[in-house]
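Hints given; two lone chains; assemble the complex.
So the protein sequences, as listed, match chains A and B.
Here the UniProt record's numbering is used: the first residue of the first sequence is 1, the next is one more, and so on.
Here the UniProt record's numbering is used: the first residue of the second sequence is 1, the next is one more, and so on.
What the hints contain is simulated information worked out from the structure, not anything from laboratory work.
For every residue, glycine included, the Cβ atom is placed at its ideal position computed from N, Cα and C.
Worth double-checking, as some hints may not be accurate.
What the hints assert, rightly or not - Listed next, the stretches of chain A that the computed footprint assigns to chain B, with coverage defined by at least 3 CB atoms under 8 Å from CB atoms of chain B:
| # | stretch |
| --- | --- |
| 1 | 42-52 |
| 2 | 55-61 |
Stated by the list, open to error - Partial list, computed: chain B residues near chain A (C-beta under 10 Å):
| # | residue |
| --- | --- |
| 3 | PHE269 |
| 4 | THR317 |
| 5 | PRO326 |
| 6 | PHE410 |
| 7 | ILE425 |
Residues per chain are reported as follows:
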Amino acid sequence: MKKRIVILLIAASICLTGCVEKKIVDEINIAIAAGFDSGDEKDKFKTTFLMQDFMKDMSVQNRTITTEGNLRREVLSDAHKQSPAPVVVGGMRLTLYEKSLAETGLGEYVDTYQRDASIGTRIYFATTEGKTEDALKADYGLQGNGSFISDMIEHNIRQGDVPKTNLAVFLHDYYQQGKDVYLPHLKKIDDQNIDIAGLMLFKDAKALFVLPSEKLFYFKLLVDQYSKGDFTVTLDNSEKASIHSIISKHKFKIEKKDPTHLTINIKVKGNIKEYTGHSLSPSRIKEISKELENKVEKECYELVEKFKEENIDPVGFGAFYKTKIRHFDFEKWKESYGDLTVDVNCDAAILETGAIY
Amino acid sequence: MSIWDKFKKNNNDWQTLLKQSTDYQSTYYINTKTNNRFDFHFFSTLIDEQIVQESALPALLNEELHTLDDIKKIVPIADVQISKDPSDIEQKIFNGYVLITLDSDKNRYGFIAAQKEIVRGLSQPEIEFSVIGPKEAFVESIGQNLNLIRKRLPIKELISEEFTVGSLSKTRVAVLHIEGITNSENVETVKQRLTNIEIDSISDSSYIVELLSDNSNSLFPQLLDTERPDRVAAILSEGKVAIVVDGSPHVLIAPTTLIEFFSAFEDYFLNWIVASFFRLVRVFAVIFSILVTPIYVAALTYHFELIPSDLLGTLVTSRRAIPLPPILEALFLELTIELLREAGARLPTKVGQTIGIVGGIVIGTASVEAGLTSNVLLIFVALGALGSFTTPVYKMSNTIRLLRFPFLLFAQLWGVLGIVFCFCILTAHLLRLTSLGRPFLAPIYPLRIKDMKDSIIRSPLQDMSSRPTVLRTQNPKRFNKKKAKKVNDIDEESAK
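Same shape as in the complex, but just chain B (with noise of 0.2 Å):
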C-alpha cells in the first residue's frame, strides 16, 4: 500500500498533502469566453513554466473552454490525457504533468505533459575510454539514453518495455531487445524478474543488477554495465537483452560471460590481431595479478626448490634484512595498494594526485629502506596492482583485486597446494554461476569451438557471421560470410 493510498484513506482531499511542499503551486484562471474558472495543480520544480505559459494558458483563456474534451482541441501539445481516476493525479503530477480541474466538471481530471529536463550534457566515456571509436556515453536520463541506442538501431524490430521499479523512487526502467533475433526466454526472464523486485528505491543500475543476478552471493558481476551506446547497440545485435535504467548512465546487458568482462569495445575498432594481442595480454596480466604474490609466498615459505638458483641469490639477499615472514610482508605491500587505491577514488581529484607521489615514492622506496619489504616483492605487487587495472570493466578490475586475497592465505597455509586448491574451488564456482540462467564461462565451458571467434581472440569481422550459441538467438545467422567483404579490381567492375 503506498504512502498515498494510506492518506486518501484518512482524507479524501488530496490536495492537503500536496500543499505541504512548498513547491506545490495551485492557482486558479477564468476562461473569457466561457466564463469558467479552471484549476492548474502543478509542481513548479517539475514543469517547464514556458511551456505552460506560452502554449497551455493563452489557448485555455482566450478559446472557448466548456468540458476538459475541449482542452485537447484548444491547446497545442500532443500530451494532453484526461482521466477519471484520481489515483493518476500522483503518477502525472510528478512526472511533470500540470492537473488542470474543470468547476463545470469536477469527477475528471485533465493533465498536461510540460516536463522540465534537466540533462546533462552528452560526455566522453571515463570508464570504458578508447582513443578511436564513438565519444558518446550514457547520461542520467532515460529519455536520451534510449534515443542514443535508437539511433544505432533505427529499426522496428527494436523493441523497448518499459517497467517502473521502487515503490518510493518509481525508476523507469526499459527493457530493449530485437524481436527476432533475441531469444524471448531472456527476455521474459529479464521481465519477470523486473516486475518481482520488491524495492524501495533504486538509486543506481547496480541496485537491478544485484536484484537480478542469479547469485548475488558471488564476488563476479553476473550483468555487464556499459556506458558506451555503441557497445549497447552491438550487443543487442548479437541477441542480447540490455536494460536502460532512468537515473543510471550505465546500461545493463544480459546474459553475459566471463570472457565479455576482458573485451574492451576499442577491440572492435582496432585491427584483429593488434586487438586479439591486446586481449591475450589483458587474459595474462589478470591471471598474473591474481597469482603473483600468492606465487612468491608459495615457492618463498615452502618450495625453495622451484626458484631458479641464479634468482635465489637476489631472493635471499633482499630478503635478508627483512624481519617479517613472507606472508607478512605481501600482506603489508597488498594492504598499502589497496589503501593507495582506496584513498585515491575518495579524495577529490586535485588533492588524489598527491596520492600517487605519497604512495608510489615514499612509502614504495621508504618501505624497502626501512627493510620492511623486500624490493623483489614490490616489484611483484606493483606490476600485480597494474594488471588489476588493465580489466575493462571497472567492476570485473575490483573483483580481481579481492580474489588475489583466498589465493594469498591458502598459499601461506598449504603452499602452491594451497593455490591449486583455491583454483579448483575459484573454477567450480565460476563453473556453477549463470548468468540469466546462461552459462557464465561460456565459450569454454561448454565449449562452443564456434562461439571462441570473439573471445580470448577476436577474429576478423567477417568471420563473426554467426550469433554466440549460447544465447539461442532466434536467428543465429548475422550476415553472409561470403558476401561480406568482397575486394574486387576496379577494372573488374568496370567490366561487368
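Isolated chain A, as found in the complex (with noise of 0.2 Å):
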C-alpha cells in the first residue's frame, strides 16, 4: 500500500509537471498597466498596454502596445503578436478609462479583472480627461509611467485627500445597491506631468461628471477616515490660518421620527499649520475652530445638495439606510431621493497650534 502512494506520488509529479504554466520573471513581459478608449469604429475599443523594460541603471524604460478588437481576451492574444515575450497580466497596478468610454459604462470592463485571479484587488483604478493611450505613453519619471501613477494614486488615498478607490472598494461598490462608485480622474498637463483632477462620479456605472479637486476633502470627508488636506480659513478680521487635518471621523444618524431626515456628524482634528495673525490665543483658537466647523458644514452640504441633484449617491446613504431600516424598498428609496433633507455638523478641534508661541 506505501509503496503504491509512493509510485503514485512520483508518477503524479511527473506527469503533473506539464500542467502549471511557467511564467519565469525575465521571459514575460509584466503589463503594469492597462488602458481602455473608445476605438475608432463603433463598437471596438483600443487597449493600451504599458510594459516596464528594466534598464541596467535600475531605470525603467516605458514600452506600450496597443491593440483594437471588442473582446478584451482577445485584445490580450493580439498584444501577444506585438511583444516579444508573453504578456501577462497577473502585475498589473492601474488600469485607466478614457472619460468618454468611460460615459457608456464600465461594467463589462470590470468583469474581466474579478474573473482574473492572477490579478490582485488592490489595484487601481482611474478616469483620465483624454486617451489613455497619451496617458501612458508620456514620460513621468525614472520608475516608469505605471509604478508613477499608481503611486501617485495610493500616496495621495494615504496621505491626502483622494478617497479609497481600488478594485476591491469599486466591486463592492458596484455590486451594493444604494450606492455609486467614484474613481480618480486624471489629467495629463503635458509629456513630463500628469495630476489627479478631481473625482469622476458614475451613476449605475456610468460616469457622469468631476467632482473638482478643491471640493475632495469635502467629499473624503463624507465616505471614509483619515482625511488628510490642508485648508485656509478666513477669520473676520481678514486673517488667515492654514489648517492641516490628521484625523476626520463621520457618522450617519436618521431621525426616529422622520426618516427622510438624516444628520451627518463630522468630527475633524488638526493642526494649525500657517497663521498670518500676530499670535494664537486660546479665543483665536476657538474662533478658527468655528470658522472651520462652518466651512466643513456648508461645503458637505452642497455637496450632498449637488448629489442629490444629479440623482446619485456616491456617499451610499441608501447602502446605510438599507443597514438600519427593516424590509427597505430600493425602488421606494430611488423616487424619495430627492426629499431626503440633511444635516450636516462638524465637530472640529485643534490639536496643535505649532511649538513656539
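So, in C-alpha cells, the structure goes:
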C-alpha cells in the first residue's frame, strides 16, 4: 500500500509538471498598466498595455502596445503578437479608462478583472480626461509611468484627500445597492506631468461628472476616514489660518420620527500650520475652529445637495438606510431620494498650534 | 559463537592463538619462599608495566605463595580476581589484567588489574562551544566521561549500568539515569534495545544512535549527542537517560525532542530574555535556510505576482543575462556551497583556509560576473547556508542542509503549491516520529503549554520548576518555585 502511494506520488509529480504554466520572471512581459479607449469603429475599443523594461541602472523604460478589438481576451492575444515575450496581466497595478468610454459604462470592462485570479484586488482604477494611450505613452519619471501613476494615486489616498478606491472597493460599491462608484480622474498636463484633477462620479457605472479637486477633501470627509488635507480659513478680521487635518470621522444618524431626515456628524482633528495674524490666543483658536466647522458644514451640505440634484448616491446613503431599516425598498428609495433632507454637523478640534508661542 | 569458542573446539591450549601476537608475553618466575613456579601472561600493550614491576612482582616473589588465594593477601592491588572458568581469560587479558597461573593450582586462574589507560587530556568543547560556562568536554574514555558526570551529580541515585556491545569490539556502554526521577520505562527501553543489538564492532556512539533509533530511515537524529558533561548532568536531572559509549567523546541523550536540537546549552548561562531571543533567531534561521531558495525558485518561475513591484526591477535586471532557468541557477549555487563545505570538512585545517577564499570570493563573485547566477540569488543562498550553521547540534544542521533539496525540487515542479506539499509531508513525518516512543515534536504536538517554558523560549530558571510532562517522570517537580528565589533586603534579614 505504502509503495503504491509512493509510486503514485512520483508518477503524479512527473506527469503533472506540464500542467502548471511556467512564467519565468525575465521571460515574460509584465503589463503594469492598461488603458481602455473608445475605438475608431463602433463596438470596438482600443487597449494599451504599458510594459516596463528594466535598464541596467535600475531605471525603467516604458513600452506600450496598443491593440483594437471588441473582446478583452482577444485584445490580449493580439498583444502577444506585438511582444517578444508573452504578455501577462498578473502584475497589473493600474487601469485607466478614457472619459468617453467610461460614460458608456464600465461594468463589462471590470468583469475580466474579477474573473482573473492572477490580478490582485488592490489595483487602482482611474479615468482620464484625454486618451489613455497618450497618458500612458508620456515619460513621467525614472520609475516608469505605471509605477508613477499608481504611486501618485496611492499616496494621495493614504496621506491626501482622495477617497480610497481600488478594485475591491470598486466591485463592492458596484454590486452594492444604494451606492454609486467613483474613481480618481487624471489629467495629463504635458509629456512629463500628470495630475489628479478630481474625482469622477458615476451613475450606474456610467461616468457622470467630475468633482473638482477643491471639493475632494469634503467628499472624503463624507465617505472615508483619516481625511488628510490642508485648507485655509479666513477669519472675520481677514487673518488667514492654514489647517492640516490629520484625522476625521463621520457618523450618519436617521431621525426616528422622520426617516427622510438625516444628520451627518463629522469630527475633524487638525493642526494649525500657518497663521498670518499676530498671536494665537485660545479664544482665537476657538474662532478658527468655529470657522472651520462652518466651512465644513457648508461645503458638505452643498455636496449632498449637488448629489441629490444629479440623482446619484456616491456617499452611500441608500446602503446606509438599508442597514437601518427593515424591509427596505430600493424602488421607493430611488423615488424619494430627492426628498431627503440632510443636516451636517461638524465638530472640529485643533490639536496643535505649533511649538513656539 | 565467538572466535575464541571456535578456537577452543579445535585446540584446548588457549595459548596457541595468543602467542601469535608479538605483544603477548608469557614469563615464569619462582617464588623465593615456597619455590612455587608461577606464570605471568599479559599483553604488554594493554598493561601498565610499572604496576606489575613495583606492586605485584616483589610481593609475589618474596612473600609466601602457596595457592592462588594467597595473591589477594600479599599483592597490594585492590582488583585481584580468582576464577575457575577458562572463558574469563580472554575477557580479562584484553581488559588489561595480568593472568597468573600457579603450577600447584592448575585449574584456577588469577587476575591482577594493571590497566594502562591512555586518555587524552580534557579539552574544550569544539562543536558545542560556549563563550561562557564550563569548558570541559568529554574524551574517548568511558571511565573519564563517567567521572565527569558523577562529579556533577554526586548522589547515590545516579545509577550507571554497563553493557558490552559488539562481538568484536566489545565496547563498553553505560546507561545512566537518576533513580526516583527517570521513568523506568525509558530506562528499560534503552537497556532492552542495547542488549538486542547484534553487531560486530562499534566505532562511535553514532552507531548506537542508529541502532537505537525508532526510525533509522528518518533524516532527523532521534537521540541527542553532546560533548558537554554539564549538559548531560542537567538533562539527567530533567529525567532523561544518558548513554555513554567507550571510545566516543559524545554522550547520547534520550528521549529527545526536535526543539532540543535548536537549544544551545549556553542559553542557560545567559539572561533568559537574551537567550530566548537567540533561540528565536535560530528557529527563524532554520526556517529561512530551508525555504529561501525554494521560494525564490517558485516566485521567479510561477508566481511573479507575489514579487513586490519595487523588487521586480532588481530581480529582472539581475537575471537578464543569465541563460539558466531559476531552478538550475539555484541548484548550481546550492551545490557549490555544498562542495565548499564538503571540501572544507575533508581538507586539513591549514589548507582549509584557502577554501574559504576560493569559495567565498572567487566562485561567488566570478559566477555572478560570468553571468551564471544572479547576485540576488547569491545573497539568498549564502544567507541560507549561514542560517543552517546556526543550529547548535551538528547532526541536525546536516539534516537541514539536505532538507532544502526536496523543497527546491517541488518548488520547481509545482511552485508554492509544491513547497506546501513538501511541508505537509515533512510535518506528517515529524508528527509520526518518536524518540524512545516519546513524541519527537513535543511540546508543540502533543501541545503541552506547561512544557513550552523551555522550548522556543527559555524562561527564567525559577519558572522551570517542573520536569517535562512528556517524559512522564517519577517526580515531576524539580523544586519549589516560590522558594527558588528570594531576594530579601539585607536589613530585613538582620532584623529577624
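Task: Violated constraints from the hint list, given by number and in increasing order - done: 1, 3
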